[in-house]
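Colleague: Chain residues, written in single-letter form:
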Amino acid sequence: MQDILYFSQQLINGLTIGSTYALIAIGYTMVYGIIGMINFAHGEIYMIGAYTALIAITGLATLGIAWLPLVLLVALLCAVIVSSSMGWAVERVAYRPVRGRHRLIPLISAIGMSIFLQNYVHLAQGSRNIGFPALIEGSFRFGPPESFQLSLSYIQITIFITTLICMTILSLFIARSRIGRACRAVSQDLGMASLLGIDTNRIISATFVIGAALAAVAGLLLGMYYGSVDPLFGFIAGLKAFTAAVLGGIGSIPGAMLGGLILGVAESMTSGYLSGEYKDVVSFGLLILILLFKPTGLLGKPEVEKI
Amino acid sequence: MATPQFKHALFCAVITLVIAYPILGLDLTINAATIDLQGADTSTVVAIVAAAFVVFFFQLYRDTVMASLRKAPKLNPLSGREPLPQAKRVKLESWVLTGIVVLALFWPFFVSRGSIDLATLVLIYVMLALGLNVVVGLAGLLDLGYVAFYAVGAYTFALLSQYTGISFWMSLPIGALLAALFGLVLGFPVLRLRGDYLAIVTLGFGEIIRILLNNWTNLTGGPNGIGGIPDPTLFGMEFGRRVKEEGNTSFHETLGIAYSSEHKVIFLYLIALVLTVITALIIRRFMRMPVGRAWEALREDEIAARSLGLSRTAVKLSAFTIGAFFAGFAGTVFASKQGFISPESFVFLESAIILAIVVLGGMGSQIGVILAAIAVTILPELAREFADYRMLVFGAAMVLMMVWRPQGLMPMRRIHIELEKPE
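In order, the protein sequences belong to chains V and W.
Everything in the first sequence is counted per the numbering used here, starting at 1 for the first residue and increasing by one.
Everything in the second sequence is counted per the numbering used here, starting at 1 for the first residue and increasing by one.
Rather than coming from a laboratory, the hints here were simulated on the basis of the structure.
Since we're looking at a predicted model, the values are computed, not measured.
The calculated label-pair distances, taken between Cβ atoms and stated as ranges, are:
no.	chain 1	residue 1	chain 2	residue 2	range
1	V	Phe142	W	Val45	49 to 59 Å
2	W	Leu349	V	Leu70	36 to 46 Å
3	W	Asp301	V	Ser205	29 to 39 Å
4	V	Phe160	W	Ile303	45 to 55 Å
5	V	Phe293	W	Asn215	19 to 29 Å
6	V	His102	W	Ser311	14 to 24 Å
7	W	Gly339	V	Val74	52 to 62 Å
8	W	Leu349	V	His102	22 to 32 Å
9	V	Val93	W	Leu349	17 to 27 Å
10	V	Phe140	W	Pro4	50 to 60 Å
11	V	Ile236	W	Glu300	33 to 43 Å
12	V	Ile236	W	Phe188	21 to 31 Å
13	V	Phe142	W	Leu349	39 to 49 Å
Where is the CB? At the ideal position from N, CA and C, for every residue including glycine.
Please put together the full structure from these sequences, using the hints given.
Modeller: Shown next as structure tokens:
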């Protein structure tokens, strides 16, 4: 009984983290699917989302507004607006001018952007990690009171529900809306789509904005879950999310969701049964193994190399 | 007058405000238990608004501004000049380089200890950048975990000296070879991957090495690192005040001069200088050998190179291994210079700095990379008050270089045969 409870606890923790990884991973996978580049600065966009949410929450607290749904809504809106603008601006400044050049050039530009944004926040807000107020406290507990108890906290439930809502909206948006259809067309064949009258530049911008908005949601959720933010907080999360995107098959949106969940569970199982220090080793090791043995990921399509 | 251009300019200005104001204009300050939000000082807010206006007007008159920029006279007076004939250029280059090396040999005897220390650090970065230049610049493989090989070199020396008492000179080839072995073992499976996947895998590898160093406390001392790494000796002469190891003599007693702590610093500098020159010469040789040509061929067009019979794995692996070898070299020198190493010296940022050096200098160009290494290491020391902005500037510089001048400040010039002009 104890073992099952412990196992389910790790599973719940893993799914919580995994669903936020999935939210961030969608940004990587959509951008890769359309223009075939790794948006290295995506982790920083997510970090900026978390910072903006924290600034909004603190600002509201200073004003004396404490009604929880309003606070969450305002924080979410601010984070999404600032991160999306950032995503748009980054694409405009650093990626559009180098699009279509040798593969390494956009990647180096993206790494430069990532370093720039990290230090931008570092200089503006200091390098210390800042405590994120726990807005949603409390948890359901299961199991005998005196031994190990399974706890399912309200914030974990919030994370599940929010992720589920975001994923549903995104899937509907991609499947039904005009822009979503255009996105799919552009990712299949950029040249052909532009011949058929789709404004590809606008669609690429839209992809960055959507990815950044989802990353901002993840920033708010993970900020509340971990309880602190610092300027380096996006880097590792970004790498993990990228791993998730590759695991699920880069370019595929359901793949990113699946990959995020698998990666989250693998990580929390490692910290639950081995040691917390090695969880990063496990996820990077997983990344290396996937790229070696199944570079297309779980749900990805094989890429045909054209001559 | 809501022309599309005006709308676009307005939109850009609003976006500038949105991305700059919350992060720059509002400060989170920690007060004991609570966090406060304060508006930044007026000058910051004015700067943000001014930036928005600049963006607005630039976007509004973008076409005119760009057109007039194109018409403006070229700032570089040399740009219109005929390039020197190759034979002359090569000769001039080798004279200049020899002159610089001779100058560098005598220079430490006239300057302060601090500047020699800094110069040693610069030389270590030059070595690292030359090594990474082989991988990124010549072979076109983006390696984001280069610092891992540097760590292997440094830790090899530290651990060997701690457990077996092996000296610097014995450890130098061992560290470099071990780093090369790591490069070989890692490279073998991953070099099949496409460029950007390779970048991420090497990044993951670098992180794994760092986490292992951090957590394998029994062997590496974990975050506390390893101290007491011995200094190099000169033919059994030690540079300390007293001789530590039996059988050795001390430098100042043998030569009959007064003890000075500067001897050791100068000696380390000279070792680094000699090793850097050796590195540069070896890599220069490689560049002209068939294997060097093969690196570039594979970088330019993989399919064409393979159809001409080049083995993709062998060529890429050789570049990766040679790059790792020189990182191991640099790591050993670094360990003995610092006398203490910890995983903190081998973070991703370090890889990014070395990459920035290679990119700024011009991928593949040796002189460019050497100059960039000097500039990138010395400039933050000269302008201490701007040291905080160092990484910000690096990041921005990497983006701007990719947008405007992806070939770097001093692009590589290939050795080629020139046809004689018909009279």
